[in-house]
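J.: Count along the sequence shown starting at 1, add 18, and that's the number in the working numbering.
Keep in mind that the hints are not guaranteed to be accurate.
Here are the simulated distance ranges between beta carbons [claimed, not checked]:
1) 362 - 538: 46 to 56 angstroms
2) 263 - 324: 44 to 54 angstroms
3) 658 - 398: 36 to 46 angstroms
4) 714 - 691: 18 to 28 angstroms
5) 95 - 265: 25 to 35 angstroms
6) 511 - 216: 30 to 40 angstroms
7) 364 - 607: 22 to 32 angstroms
8) 658 - 368: 46 to 56 angstroms
9) 368 - 265: 46 to 56 angstroms
Just so you know, the hints here were simulated from the structure itself, not pulled from any lab data.
Just so it is clear, CB atoms sit at the ideal spot from N, CA and C, and this is done for glycine as well.
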Amino acid sequence: MVTTLPIDPFLAGIARTLRDRRMLVLVAPPGAGKTTRVPPALLAAGILASGTFWVLQPRRVAARAAARRMASELGEPVGERAGYQVRDDGARSARTRVLVVTEGILTRRLLEDPSLPGIAGVMLDEFHERSRHADLALAMLREVRATLRPDLLLLVASATLDPDPVAAFLSDARGPAPVVHVPGRPFPVEVRHADDADPRPLEARVAAAVRTALSEGPRGDVLVFLPGAFEIRRAREAVESMGEALDVRVLHGDLPGAAQDAALAPATAGRLRVILATNVAETSLTIEGVSTVVDSGLARTLRFDPRSGLDRLVLGRIPRASADQRAGRAGRLGPGLALRLYSRHEERGLRPYEEPELLRTDLASPLLDVLLWTARDPALFAWFERPPAASVSLALQLLRRLGAVEEGSFRPTPLGARMAALPVHPRLAALVLAGAERGHLREAATLAALVEERDVLSASRVFGSGTPDVDHASDLLLRLDLLDEAERSGLSRSRLSSLGLDPGAALAVLRLRDLLLRRFPPESHASRPPEADLLRLVLAAYPDRIARRRRPAGAEAILAGGTPLVFDPRCPVRSAGLVAVIETSASTSGPDRIRLASAVEREWLDALPGERVRTETERSWDAVAGRVLALQRVVYDGLVLSESEIPAPLDEGTAHLLIEAARVDLQRALDPGPGVGRLRARVSFLRRAMPELGIPPLDDEALLDLLPALAAGRRRLAQLRETPLEPLLRSRLGARALRQLDEHAPDVLAVPSGRDAPLRYDDDGPPVLAVKLQELFGLAATPRVAGGRVCVLLHLLSPAGRPVQVTSDLSSFWSTTYPAVRRELRGRYPKHPWPEDPWSAPPRRGTTRSGR
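When you get a sec, could you build the whole thing from the sequences and use the hints?
T.: Below is the structure:
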């Protein structure tokens, strides 16, 4: 006899609404019957035509259970009108009209053919869990209904959902989607809390709560919510050691399908069941006979882990909505009891709802699906709730690195489409596809499964707390070796344990490996490929997570991008200089620790797409040596792979540093020499005396302007000083200015003795002509320069070259001062002429006897 459920009176109205509006939001508490009663009712109402109605479930165990329940109520074996399809299992036939599937299967179907031929409608069940697949499916199905399939039925169902945002999101010309609320039929549930501080281990508190349930609770089975398989195993040992005649069952996602189904089977006659379950039992499953719930208040939820670049199950507190649903499991058959292993104070700190997966998990997989759907900027996609832009950007960057999306666009590559078809993260899909291409599919699938599933090494096998004695090339290859040995030995639990492998985790890895292998044509399995080939497969998944040891065999490392890391002492990859970092763990002090790594050879990086390996030259100035130094670095994503000192290239970069150093101290950098000084002084004088000529300046700025030409092809200041400057400065002046300079500011003046006497130009004042006064006999007036505007300043010297008089008026000197000078010096220098009349005396350069 079919049990009456709270939703039954609403089924006819649900069918009518769907026939009219083709969409509906249904809110019904756990146990109301929404999953198992609505699809058969739509089938019976005839609104599915000849199509199939798909029901999306977030968990495999719930999908199988829902299909079996519907088949049982239809009086048929599963796989007839009601069937299911999950990742690694299925029961369906040509007669199947209601198909319960896990969420990724619908995403793949939408990407293959958005028109969904043969599908009459879709029900997104347990939407309140806000899985990324459900959020994507909602957005894609809305677009399908608006463009390709307005006839498609769309039903969004949930136990605790606020229906208004979903109804508004699905709005059409007639307004928001209709909403139907179905009240539950819960019996009262007494809720008890733990004391504020209970220091006992979780398994001990679970055993104590089960004992309380048996002695004080209503007659019925006990459902215990625990965060994971590890806690379930510990709790099972504790409960079974109580000595009670109990039928202890376990239920979690890592179990094979048959084991999950067995956990839901009725109890052995005369014994009460204690079902130790994860949150798979919160909403989707109906577990008959439960009257007491023990709630640990804990769950593991997917969160992006930057330490691994993948999503990881993270232990944390459940939200208040989950706590209420767990407690409600005790009140389905009659008054129940909920024993919460946390205090009222802790309960008040619970967040109301679980955060949507798209806001807390890695977006590489869903973003690849979106890009395959739209091939355009994901900002234009109509998300139900838009994920953070920074997370989208990081995911897009990774997809391009993996070769899944074209550089500079949003268009997925053919490789990206193949990645999306595999039930693993795109990183691991890249690994598997690389293995398939290179003939190492089996090993690649195993390596991917080792990363995707929880660690196969038991806690005691991870080298205890000490340092491993053997150096390995890769943590993953170590685990691959152990799995291979276990398979050769028959995979018995005892053998797995003796090898230090966690039996449950190892079997889960092998199941995923086999699932991946089924996606490819069979290949003949040759002998184990060389180690280097397998290491390169791992590199294909982690091209963005390359780290280099700071010292050979040292513990410190640096990740591409600059993040410091340190190798965990238990990591067996002890000597590899370059590694792909598969996973890190947080440290209480100091950098994160590399927990899992895989060796990388330098030349392998050259073969990766994107030409990430670059040779860079860094120049610096050595002030002591007065030269440009150069370091040549080979760099991958900013990570220095090698460096060596080289002669600085004779290019613009080197010249720039040399110029900047010369600017700081021009006097040290350049050697003007006397000729340059005289030339600059003459130009300076003429610019003051005859500005109208427009003579270009030869000041320090002019010297600075010469530096580019001087520095070209040079590395050292000494090379600048060796370069003659005068030709460059003369070239700067030009022929016209040089002619004017020679005419108006000559370098020498011809004196009456016939000698060209040098003129000295100072910064201020007239030019100076230092000459023995005998050489000026017969010269009446002071020489002039600058077109006659400036008299030179005469420094009249004795025959010994000592100053006798400084004057700019030679005529006055001859008239007034010369006689006194003659009387004073004639006796001192008798060999030199001292005529009484200097005006008419012939000029002399030497003594009287010399005649010069």
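J.: Hints first: check each against the structure and report whether it holds.
T.: Verification of the supplied hints:
no., hint, in the structure
1, 362 - 538: 46 to 56 angstroms, "holds, 54 angstroms"
2, 263 - 324: 44 to 54 angstroms, "holds, 49 angstroms"
3, 658 - 398: 36 to 46 angstroms, "holds, 39 angstroms"
4, 714 - 691: 18 to 28 angstroms, "holds, 20 angstroms"
5, 95 - 265: 25 to 35 angstroms, "holds, 26 angstroms"
6, 511 - 216: 30 to 40 angstroms, "holds, 33 angstroms"
7, 364 - 607: 22 to 32 angstroms, "holds, 28 angstroms"
8, 658 - 368: 46 to 56 angstroms, "holds, 48 angstroms"
9, 368 - 265: 46 to 56 angstroms, "violated, 32 angstroms"
The structure is inconsistent with hint 9 alone, although it conforms to all the rest.
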